[in-house]
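Trainee: Just so you know, the protein sequences line up as chains H and W, in that order.
Residue 291 in the numbering used here sits at position 291 of the first sequence; the count goes up by one each step and never skips.
Residue 40 in the numbering used here sits at position 40 of the second sequence; the count goes up by one each step and never skips.
Keep in mind that the hints were calculated from the coordinates and are not lab data.
The following label-pair restraints were derived from C-beta to C-beta distances:
1) H:12 with W:73: 41 to 51 Å
2) H:132 with W:25: 16 to 26 Å
3) W:189 with H:148: 29 to 39 Å
4) H:173 with W:89: 29 to 39 Å
Short derived list, chain H residues pointing at chain W, Cβ under 10 Å:
5) 57
6) 84
7) 133
8) 160
9) 165
Even glycine gets a Cβ: it sits at the ideal position worked out from N, Cα and C.
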Amino acid sequence: MLADVNNHSVNPLTGVGIGLKPKHYHLVLQSLSASIHDPASTPDWLEVHPQNYFCAGGPPHRWLSAIAERAPISLHSVGLSLGSADGVVPDELDQLAALCARYQPALVSDHLSWSGSASNRYPDLLPVPYTDEALDHFVAQVGLVQERLGRQILLENPSRYLAFAGDQYEEAEFLHLLCRRSGCGLLFDINNIEVSATNLGLDPFAMVDAIDADLVGEIHLAGHACEQTAEGPLLIDDHGSPVTGLTWRLFDRFIRRAGARPVLIEWDTDVPEYDVLMAEVMRAREILDAAAHEATPSPSAPPENARVHA
Amino acid sequence: MPVSTLEHTQRAMMQALDLGPDYLPREMFAGSPARIIAGMKVHANTISHARLVALEDTFPRVMALLGHAAFNHLSREYLARPEAGGVPHADIGRDFAEFLAGDEEVATGAALARFEWHWLESFRAAEAQPLQLADLAAFAPEDLPRVELVAHPAARLTPADSHVCETIGDQLPDLAQAGWLLLVRPEEQVRLVPATAAMRAILGAAQFPAPIGNLLAICNELPGSKGSSPDAAMPALIALIEAGALLEVRE
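Kindly produce the complete structure, drawing on both the sequences and the hints.
Mentor: Right, here's the structure in full:
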């Protein structure tokens, strides 16, 4: 099975979304409910961590239900632990399946990572070695999840602080093989590229250029923290600040090559006021629009071959 | 059965995360030793921070009672218990009240912790349409004792000690006398109602579907209630219905 993440019957999302946070519930619902949408205050879609909705009821479900009636939503899981040698956490998968049935999300995603074992669960996304064994493991686990959910999922490239000595593949190569063998798509987190490249001494532009755009079904943009160490800066993927200049440049570079993709502004810690978040949305839209404009021939200019013959 | 490389790698990383950097097999990673330790610390700090913040968010009143430093110290001890690691992140505070109750110096915070945990359970419990007094008007008086009721999924009972009363008692002047608190969320927000002994008895019996006649009769079994149960039972049932704590069981 090959990934078909850009078939619009499979991936109905377009434009720029935001991670939905409780402090913004009422503003998001207000903007989506307005008779005329103000683009500066209305995200095109919303993404949530399903783990925050793994409960039977309560106000968060009431808000999400109301919002999901008005805009597409995406479920971005942080708990399947696909890379765990024990395999996917069964109760996480059960609850994710129930939430998919309840909200019919446009996209479902998780991470190229693991989060402990059955007896020791860590609230973190831990790195995996890029080996044949890990690749076979992920192919099997992604297959299991996709079969259970009855749909394709996207997997996010990790932010890395450690590199394994025994890696057999480059990250992009590993992700491409995983997508092609399992049929999953790629959630391309460009902030994670900046974090991993800085921490591991890699070239972020080469990492972006290495990604097969056809596999990318969604893009994440976020900020990170920076800690100075004796060996140089250590970037920490905390989603607690604006998108950096380098990540914007990498995004622009990728979009000009790949064309538009659904883009998410992620901001999970020190969540700012709504207008700050929406300013980031507007900036992402400007880059998408500029890339689309450059890719479209001007109506007043004849096609290249026509000019040759004129 | 040979241990796979993936499993071996993950076991080694878990040992380092749980026990410290001395347990980190550095040959497993590329880069300088200082950089490897720094990278591993990012993961260890992320895990520790997420767990501590989850407890702070769940128990803000306990933290205010004990002070931030003491609360942080107790949280670390609580999380260091071997059984803490296997609990899903959303349920991380489930046993915190019992943990506090087991420590004489901080046992005063246990009832408050139980209240805060029950509040969270009520907040995220399933939605259900509560029975209203007007619904009972549809029944003939002789049929009422046979109408089956069950507790609302968001209904919780919790003891109201002096700290709980101090925290929320100004909203509920009868709370200290009742000694117990009913938490229920019949609509959007959690509702708090002082719970008498008769209310507790009825709600306890309604954990499984039971006819109104049986629920009223259960008050007969309360200590010191012989002969006076109808006087206590009916107001208690009405108070529970008005609070939204009961559902009608329909075929």
